[in-house]
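S.K.: One letter stands for each residue in the lines below.
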Amino acid sequence: MSERTSKLSINATPAGADVTADEADPRTGGQHATVPAQRANRRRRPPLSENKRAERKLGWLLCAPAALVMVAVTGYPILYSVWLSLQRFDLRFPDEREFVGLENYITVLTNEFWWTAFGVTMLITVVTVAVELVLGMGLALVMHRTLVGRGIVRTAALIPYGIVTVVAAFSWRYAWTPGTGYLANLFSDGAPLTERASSLAIIMLAEIWKTTPFMALLLMAGLALVPEDLLKAASTDGATGWQRFTKVMLPVMKPAILVALLFRTLDAFRVFDNIYVLTSGANETSSVSMIAYNNLIRGLNLGIGSTMSVLIFITVAIIAFIFVKLFGTAAPGSDDGERR
Amino acid sequence: MAARSVAGADMSGDDRLRVRRPVRVRALATAAALTLVAPMAACASGDDGGVPTINLYYPPEENFQQVVDRCNAEANGRYRIANRVLPREADEQRVQMVRRLAAEDTGMDVLGLDVTWTQEFAGANWILEWTGQDRAEAEEGTLEGPLDTARYEDKLYAAPKHTNVQLLWYRKDLVPEPPASWDEMISTAQRLKEEGQPYQVLATGAQYEGLVVLYNSLVASAGGNILNADGTESVVDEGAVRALEALRHLATSGVTSPSFSNATEDPMRLEFQAGNGAFQINWPFVYPAMQEANPELAENVAWARVPGVESGTPSRMTIGGINLAVSRFSPHPEESFAAAKCLRNAENQKFSAINDGVPPTIERVFDDPEMDEAYPMKDAILATLREPAVRPLTPAYQSISTVTSAILSPPAAIDPQATADELRDAVADALDSKGVLP
Chain G
1 MSERTSKLSI NATPAGADVT ADEADPRTGG QHATVPAQRA NRRRRPPLSE NKRAERKLGW
61 LLCAPAALVM VAVTGYPILY SVWLSLQRFD LRFPDEREFV GLENYITVLT NEFWWTAFGV
121 TMLITVVTVA VELVLGMGLA LVMHRTLVGR GIVRTAALIP YGIVTVVAAF SWRYAWTPGT
181 GYLANLFSDG APLTERASSL AIIMLAEIWK TTPFMALLLM AGLALVPEDL LKAASTDGAT
241 GWQRFTKVML PVMKPAILVA LLFRTLDAFR VFDNIYVLTS GANETSSVSM IAYNNLIRGL
301 NLGIGSTMSV LIFITVAIIA FIFVKLFGTA APGSDDGERR
Chain A
1001 MAARSVAGAD MSGDDRLRVR RPVRVRALAT AAALTLVAPM AACASGDDGG VPTINLYYPP
1061 EENFQQVVDR CNAEANGRYR IANRVLPREA DEQRVQMVRR LAAEDTGMDV LGLDVTWTQE
1121 FAGANWILEW TGQDRAEAEE GTLEGPLDTA RYEDKLYAAP KHTNVQLLWY RKDLVPEPPA
1181 SWDEMISTAQ RLKEEGQPYQ VLATGAQYEG LVVLYNSLVA SAGGNILNAD GTESVVDEGA
1241 VRALEALRHL ATSGVTSPSF SNATEDPMRL EFQAGNGAFQ INWPFVYPAM QEANPELAEN
1301 VAWARVPGVE SGTPSRMTIG GINLAVSRFS PHPEESFAAA KCLRNAENQK FSAINDGVPP
1361 TIERVFDDPE MDEAYPMKDA ILATLREPAV RPLTPAYQSI STVTSAILSP PAAIDPQATA
1421 DELRDAVADA LDSKGVLP
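Read top to bottom, the protein sequences are chains G and A. Here this note's numbering is used: position 41 in the first sequence is 41, and no number is missing along the way. With the second sequence counted from 1, adding 1000 to any position gets you this note's numbering.
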């Protein structure tokens, strides 16, 4: 699941990056004369010719089947789980199936297991994304600035991301198991995966280790957008390294950072594999995905399980909305564009 | 692929050719399609020259293939059992079967179910009821406890293949006579501790099924109930409260191993094998393992029925084991019932009991002289099996078990009355499909 979205997000970055380039350029004093022209074009929208319109229509027709399949493949399961979440539907009591309205939502939202899992998920999300952002930025700078052995450095840095999460999680698990593991014996005399705080720390460590390279990759794409001339100009004006980083690089990279943060937050919120392998949710380390899986697959309670899936979906939608609303309008290009 | 490219060439060819060609093309395409479809058809029906294949899904058991082979020979061409081994972890076994049965998979015929899943699968309408001659054969001579685990709403849904029960293993060099009650066991351990002897009482205290098994045994021993007789309502009565007191007493009396709240069967066995324990409540597999790993200590180990909660009242221990059921979606139900009966007949139960250490469910198998060597403790097992405790018989057992182990964990933090109230509500919610699993 997470692998797939991650790939999507890699594709999505250049698109976001293009916009940045467009909008950042005016600040450099209109390096490319074509840019303002393009923008003007976009605003005026001259009426399309007959030919163009036919072509566009054909375009729509050609991509309609694919679009329809996409809608069916994503829309149907979502609607179906909403429908399931409104019923008492337990595979073990097939005769008791009935429509119960929002009762399942009340059950879940008043349940302490759910809120514990929600808290755990939030904690993991906030901590891992924050740490990954800092580490990822450092790694991106290193990868960007490396002069010798660029390929090797980048490949080495990306290895953790290339390992299947479950496989990596198993190696973490064995490393932290007393007797078989080198880490467990090194850092403690107990079994760290049997206690809550240390389990959570290990889950977060595994997550960070695994996805920092991904963060770095996205940020490196952002770094590539920072014009060398701009940095040189800043340094001629007497900006220190730190000032160049915070005043020049970060603002230009902001949209790329936003994309990276958004994808990582959504990904981290749905954390499943590491927890499943490392603790299988013991000692209150379940995430919301884990608890939904437990109720759906292990508990065979389609009503409650679907309710949780829908709640996760809604939370993810809210996170995405907040990101786009709060940070989207604060993107540097648009602000500055308005002021000038 | 080949057929398609030929057809493609044909389309671009001229009209005259088109008249002659299609016959050949069609023949080719048909042949290709047939070769592709034929194995699928064979796979779907499971027929091999008229002999139906019975797909048996069964947990790993070392010598079970030999039992399967014997039944195949006995069937004499009527059916052929294919032994599909399930994953090692119980949870994964259940998830695989549940997922496929929910999708009405016809590729599963006979299912090896843990005793606690039988009601769940029956409630979900996934397994067939045993009736008539099949039922009579499955019930004949079978111990009542294991049979109870195979019933749902007074109908028989499975045939008990093997059973299991925990015994008290104690060090006869430290404790000459087994304790008569739960409290006596704890006070003996405290005395041993003061004397500087090995003293630990080893029991399954981790948050998992083993803790529920222990608690369920204590509830039954104290004469209590978690559910009403029909398994439809949560009662958690006085006896259940008494059992909570007994469990807390064990956890807080300073005689458990330091890792009691994480203890599962195998680490417990190792701890006892290392000589740290005076008492161990565990399944019979510990004995042969100890004879192999620490023969000197094994000499000093004896067994008895687990002491009851009150002295004078014997304990009732929770039984485990496997039941054989036939999937509702099986294309060959008749042969599946026959195969299941063969796999669990007296002769094969004896073979499995001796070679794989799984106690039989047919009572007279215990009397076989060959059993004496493999089961020196068979009298204690049989005595316990005659007065057993079964886990709550309801389709919602899985949920009840999960919330129960969560509520009881860690056992030292139990507050009998409050914990019982919490448990009663949680069990009621689980029965109403409102229970949220952690």
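The set of hints was computed from the structure by calculation and includes no laboratory data. Please note that a few of the clues may not be correct.
A few chain G residues facing chain A, derived, Cβ under 10 angstroms [as the list claims (entries may be wrong)]:
1) PRO94
2) GLU103
3) ASN104
Ideal placement from N, C-alpha and C gives every residue a C-beta, glycine not left out.
S.K.: Hints first: check each against the structure and report whether it holds.
M.R.: We went through each hint and held it up to the structure:
1. PRO94: Holds: closest Cβ of chain A sits about 6 angstroms from PRO94(G), inside 10 angstroms.
2. GLU103: holds (8 angstroms)
3. ASN104: holds (8 angstroms)
Taken one by one, the earlier hints all hold for this structure without exception.
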